[in-house]
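Let's have the full structure, built from the sequences with the hints guiding it.
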Amino acid sequence: MTRINHKDVMLRGTLIATTVASVLLAACAAAPVKPDGAAEARNKLTQLQADPNLGSRAPLAMKEADSAVRVAEQPQDDKELAAYRVYLADRKVDIARAQAETSLAEDQRAALSAQRERERLNARTREADAAHLAAASSERQADAANLAAASSEQQATELQRQIDVLQARPTDRGLVLTLGDVLFETGRSGLKMGATGNLNKLVAFLNRYPDRTALIEGYTDSVGSEDYNQGLSERRADSVKSYLVGEGIGATRLSATGKGERDPVASNDSAGGRQQNRRVEVIISNPAAALR
Amino acid sequence: MNATSQAHCGSRLRMAVGLTGVLMLAACASMPPAPTASLQAAQRAISTAERAEAGRYAPEELSEARTRLASADTAVSEQRMIMAERFADESRVEAELASAKTANVKAKAVNDEMTRSNDTLIDEMQRSSGDKP
Chain P
16 MTRINHKDVM
26 LRGTLIATTV
36 ASVLLAACAA
46 APVKPDGAAE
56 ARNKLTQLQA
66 DPNLGSRAPL
76 AMKEADSAVR
86 VAEQPQDDKE
96 LAAYRVYLAD
106 RKVDIARAQA
116 ETSLAEDQRA
126 ALSAQRERER
136 LNARTREADA
146 AHLAAASSER
156 QADAANLAAA
166 SSEQQATELQ
176 RQIDVLQARP
186 TDRGLVLTLG
196 DVLFETGRSG
206 LKMGATGNLN
216 KLVAFLNRYP
226 DRTALIEGYT
236 DSVGSEDYNQ
246 GLSERRADSV
256 KSYLVGEGIG
266 ATRLSATGKG
276 ERDPVASNDS
286 AGGRQQNRRV
296 EVIISNPAAA
306 LR
Chain D
79 MNATSQAHCG
89 SRLRMAVGLT
99 GVLMLAACAS
109 MPPAPTASLQ
119 AAQRAISTAE
129 RAEAGRYAPE
139 ELSEARTRLA
149 SADTAVSEQR
159 MIMAERFADE
169 SRVEAELASA
179 KTANVKAKAV
189 NDEMTRSNDT
199 LIDEMQRSSG
209 DKP
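Sequences listed follow chains P and D, in order. According to the numbering used here, the stretch in the first sequence is residues 16 to 307, in order. According to the numbering used here, the stretch in the second sequence is residues 79 to 211, in order.
Careful, some of the hints might be misleading.
Stated by the list, open to error - The calculated lysine to any residue pairs, modelled on SDA-like cross-linking and capped at a C-alpha distance of 20 Å, are:
no.	chain 1	residue 1	chain 2	residue 2
1	D	Lys186	P	Asp122
2	D	Lys186	P	Gly70
3	P	Lys94	D	Ser149
4	P	Lys59	P	Leu75
5	D	Lys184	P	Asp122
6	D	Lys184	P	Ala120
Treat the hints as calculated values from the structure; they're not laboratory data. Keep in mind it's a predicted model, so treat the numbers as computed, not measured.
Spelled out as structure tokens, the structure:
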């Protein structure tokens, strides 16, 4: 009980002492009053100094701003003088900030400049790469074109060889292959046995160039009636067509027609001339695409 | 008698001269010189800001500086030399701020332009590399 009382007294004593001290302190603090606006200027300056990007920049302007703020903070009874000092302090802080920001922008510009150089270099490298690629690609295309040219040349050579084998002659109507009368018995339209050597070359040729079609025309000499010769020429043309179809050439690629005694290639007055006129001509179409 | 009178007269003259001097001094004190240096400094600061195109980049500050300088001139004509000096100082600091802000705006504009052109460069590159992967 007494101990509690004693503690109570001590507490009360401390409380009084504290109150007195704070009153005294307040009196002390109240005496010098900072002019209006000085605190705001100080705040602006403190913020600027605390900015990690700006605080260490424009050191001279910072220093001037700091001294101006100090002067402005001095208690002053002359209100006009106080306002003047605060005005100067405020503007000097603004100047320090503007200069610090300018200095930061200049540093950033150096970085931007370096970045621009990097990007330009990248762009140039890429352009060069692209040009290399394009060059390589056009080289490949040229190679391909050369190959194609070579191959079409080869094809043309091969075709010529085949034509030579066939003993056909190129004309405006196409390749014309003349099969002599040795194919047929006199007055007959059936093919002679063992006389199909030339026809087999034709089969091979048509197989090799499947986009070509063939027109088969039968001709006779002038011996005998015209009607008979017409019929005979048709039958002979047909039997050549039949043989070719039998060897696997599509019937749609083939057409057969009889010309009879017309269009003789030699005089019918001699035996030799009549022999030349008895013939079957095979006209192989000359499609543009086949030669390309 | 004569001597005393002469002496008396001399002392009076000296007094008169002294009084005049005091009066003149007093007149001088009531007519303080114009704050020429401050006024000239303000005018120079404004000219500098104008040359830096502050009229375009910090027009408010430049206009305020001119207003303060005009106030300073008015104060001089009203013989309020202390006020004149303060207005002149304020005008100079305001003009200096106009210059600082102008430099800042210009620096930032250059950076913005560079950033834009860099972005364009990157953009173009990405587009062209997108065309030819």
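Results of checking the hints against the structure:
1. Taking the CA atoms of D/Lys186 and P/Asp122, the gap is about 11 Å. The hint holds against a cut of 20 Å.
2. Between D/Lys186 and P/Gly70 the CA atoms are separated by roughly 18 Å; this keeps the pair inside 20 Å, and the hint holds.
3. Between P/Lys94 and D/Ser149 the CA atoms are separated by roughly 18 Å; this keeps the pair inside 20 Å, and the hint holds.
4. Proposed proximity of P/Lys59 and P/Leu75 is supported: the alpha carbons are some 17 Å apart, at most 20 Å.
5. Restraint check: the Cα-Cα separation between D/Lys184 and P/Asp122 comes to about 14 Å, which is no more than 20 Å; the hinted pair holds.
6. A C-alpha spacing of about 10 Å is found between D/Lys184 and P/Ala120, which places the hinted pair at or below 20 Å, so the restraint holds.
When held up to the earlier numbered hints, the structure conflicts with none and fits them all.
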